[in-house]
Amino acid sequence: MAFLYQNANAQEIEARQYSNAPIGINFVTGGIAQARGGSYRLTTEAVNLTRIVDVFGQSGRISLLLPYAQLTGSGSVGSQNINASAEGLSDPVIKVSANLYGAPALSLDEFKGYQQDLIIGTSLAASIPWGKYNSDQMLNVGANRSLIQPGIGASQAIGPWRLELAGMATIYTSNNNFLGGKTLSQNPMYSTESHVIYYFKNTAWISADATYYIGGQSYVNGSPINGSQENWRFGSTLSYPINKQNSIRLTGSKGVYSKTNNSYDALGVSWQYRWGGGL
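For the sequence shown, the residue numbers in the numbering used here are 1 to 279.
Just so you know, not all the hints are guaranteed correct.
Stated by the list, open to error - List of simulated lysine-lysine pairs, DSS-like, C-alpha gap at most 27 Å:
(1) Lys95 with Lys254
(2) Lys95 with Lys132
(3) Lys259 with Lys201
(4) Lys112 with Lys244
(5) Lys254 with Lys182
(6) Lys132 with Lys182
(7) Lys254 with Lys112
(8) Lys244 with Lys95
The set of hints was computed from the structure by calculation and includes no laboratory data.
With the hints as constraints, model all of the structure from the sequences given.
Below is the structure:
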């Protein structure tokens, strides 16, 4: 249970990571999501700020995620029963992505004539260990360590459809103050995700999502405390425009297979407002 928060972040399924948008557009998104695994429940309220930028003639994004979380649950470690809860600021995440092909940097007026074909892009995300952390607790909303996520992906347009495929590695730094001064380390986790997206004429869209994860074995003071993870998740996302600047998004995903019994289900709702770029 000590790793539910970072595992939930590492196993997010995000459609449209590699898409095009007008340069200078800004997005602010506020939402709430809840993940449940076994007897554990993680509720996260978050604000995400994103700006579309020109990266050597292709579009790119800079994003900052600011989360606040409540984590509750009960379980056992050996013969010891644990009932715990934690609440507070979680680790912020900075993400930078750059399209490499097929998503030219365009103004809002130029973008009106853009038709997507194949887009190839790359990304790099990193968490900042500023979240609330108590080394005497097993259950925390801050991890006291960072995760670094390089990724690469592609999006192919076929009429109103988008077919997406992406791969990612999650690399963990060590927590040197785990449960009273122990060292927690973890092997990298590797993942692939795919999305089938359909766009409606009013720019609403819906996606079917799938992701597969493997790796991520954890150690305390060099001794393994769990086996290598292997997970399958399926989900769906619906985005609906309220008007030119506002939209609402509903997300849901379900763990359908877990080798180490750390699967969880998640639901979320968010509101997005966009401005800038001559909008």
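In ascending order, which of the hints set out earlier in this document are inconsistent with the structure?
Result: hints 3, 5 and 7 break, sorted rising.
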